Amino acid sequence: MENDFTRMKLKQWAEQDRPREKLLLNGRRSLSDAELMAILIGSGSKDETAVELSKRILRDVGNNLGDLARLSLADLCAYKGIGEAKGIAIIAALELGRRRKEYTAEEKPQITSSEDVYRILKSVFADLSHEEFWILLLNTRNRVIGKELISKGGMGVVAVDAKTVFQAVLQAKATGIILSHNHPSGALTPSLADKSLTDKIVSGAKCLDIRVLDHVIVSDEGYYSFIDNGQMP
1 MENDFTRMKL KQWAEQDRPR EKLLLNGRRS LSDAELMAIL IGSGSKDETA VELSKRILRD
61 VGNNLGDLAR LSLADLCAYK GIGEAKGIAI IAALELGRRR KEYTAEEKPQ ITSSEDVYRI
121 LKSVFADLSH EEFWILLLNT RNRVIGKELI SKGGMGVVAV DAKTVFQAVL QAKATGIILS
181 HNHPSGALTP SLADKSLTDK IVSGAKCLDI RVLDHVIVSD EGYYSFIDNG QMP
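Take 1 as the starting number for the sequence shown in UniProt numbering and just add one per residue.
By construction, these hints were calculated from the structure, which means they are not laboratory data.
Computed from a predicted model, the values in this text were never measured in an experiment.
Check each hint, because a few of them may be wrong.
[Stated by the list, open to error] Quick list of simulated restraints, FRET-style, between CB atoms: (1) L73 <-> L24: 23 to 33 Å; (2) A78 <-> G146: 16 to 26 Å; (3) K173 <-> I227: 49 to 59 Å; (4) G27 <-> I227: 31 to 41 Å; (5) T189 <-> T164: 17 to 27 Å; (6) K200 <-> A85: 24 to 34 Å; (7) L25 <-> S123: 38 to 48 Å.
[As the list claims (entries may be wrong)] List time: in silico DSBU-like cross-link candidates among lysine-lysine, alpha-carbon distance up to 30 Å: (8) K108 <-> K147; (9) K80 <-> K147; (10) K46 <-> K22; (11) K147 <-> K55; (12) K55 <-> K108; (13) K122 <-> K163; (14) K163 <-> K152; (15) K163 <-> K195; (16) K108 <-> K46; (17) K163 <-> K101; (18) K163 <-> K173; (19) K46 <-> K122.
Glycine is no exception: its CB is placed at the ideal position from the N, C-alpha and C atoms.
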């Protein structure tokens with residue numbers, strides 16, 4: 001009976017034993033290398049499940065993912081149950097992992113001043129004839145993990161929905177944000193509407209334990225920082 005069970009297809013396994021469901025229930029770190037690989041290939045053969053096939057391939061390379069990455073498509077396709085499409089999926093996944101290692105945390109720019117914000121966003125606002133509102137998404141070390149366009153407006157105004165701002169922050173799992181918009185007119189003095197919006201977002205952010213570090217206005221003439229000028233609430 002145990003032999004028959006282990007040869008059942010993934011769809012027939014008990015939910016807690018299936019790699020996809022295990023990932024959903026317990027998170028990606030709960031899966032073994034073989035289980036992660038089984039998700040990639042989806043199915044095995046009539047003689048073994050995707051997990052068993054994955055374990056066999058990994059065993060042949062000494063359970064070393066580096067050595068697995070050195071296998072050619074032909075090497076992978078030599079395994080019964082691995083066709084060209086599955087082999088390519090494995091190679092592509094390993095290549096993504098290799099490329100990820102090239103991007104270290106240090107490559108995420110760290111915000112230490114308003115000048116850093118301006119340097120990151122000045123090209124975003126360059127030569128625009130309309131207003132745009134962007135946010136920089138930050139981690140706990142104030143490193144930029146993303147930037148998001150929230151809204152576009154006209155020559156002198158841009159409407160911003162605070163809910164859209166917080167939605168972007170929560171989706172990115174950011175802990176801090178920097179607000180920014182441009183003034184196509186070249187003026188760098190914040191308007192009453194700019195101040196009111198900043199107050200509104202800062203107030204909402206406090207309820208969500210999100211840090212609002214600054215609001216930077218950018219124009220062709222330079223930039224204006226709320227925090228530098230004592231305007232942050």
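Against the structure, the hints come out as follows:
L73 and L24 have their C-beta atoms about 30 Å apart, which keeps the hinted 23 to 33 Å range intact. The hinted window of 16 to 26 Å between A78 and G146 is violated, with their beta carbons roughly 42 Å apart. Judged by the Cβ atoms, the range 49 to 59 Å given for K173 and I227 is violated: they are separated by roughly 24 Å. Range check, G27 to I227: Cβ separation about 37 Å, and the 31 to 41 Å hint holds.
Checked against the hint of 17 to 27 Å, the pair T189 and T164 passes, with Cβ atoms roughly 26 Å apart. Range check, K200 to A85: Cβ separation about 51 Å, and the 24 to 34 Å hint is violated. Checked against the hint of 38 to 48 Å, the C-beta distance between L25 and S123 comes to roughly 43 Å, which is consistent with it. Distance check on the hinted pair: K108 and K147 sit about 12 Å apart at the alpha-carbon level, within 30 Å; holds.
At most 30 Å may separate the alpha-carbon atoms for a hinted pair to count; K80 and K147 exceed this at roughly 45 Å. A hinted pair counts as satisfied when its Cα atoms are at most 30 Å apart, and K46 with K22 qualifies at roughly 23 Å. Of the pairs offered as hints, the one joining K147 and K55 is violated, with about 40 Å between alpha carbons and a cut-off of 30 Å exceeded. Our distance criterion of 30 Å between C-alpha atoms is broken by K55 and K108, whose separation comes to about 36 Å.
For the hint linking K122 to K163, the alpha-carbon distance of about 25 Å falls within 30 Å, and the restraint holds. Taking the CA atoms of K163 and K152, the gap is near 16 Å; set against the 30 Å cutoff, the hint holds. Using a Cα cut-off of 30 Å, the hinted pair K163 and K195 holds, with the two alpha carbons roughly 17 Å apart. This hinted pair does not check out: K108 and K46 have alpha carbons roughly 47 Å apart, beyond 30 Å.
In summary, the hint linking K163 to K101 is not supported, as the alpha carbons are separated by about 34 Å, beyond the 30 Å threshold. As the CA atoms of K163 and K173 are separated by approximately 15 Å, the hinted pair is consistent with the 30 Å bound. At most 30 Å may separate the alpha-carbon atoms for a hinted pair to count; K46 and K122 exceed this at roughly 58 Å.
In this structure, the hints that do not hold are numbers 2, 3, 6, 9, 11, 12, 16, 17, 19, in rising order.
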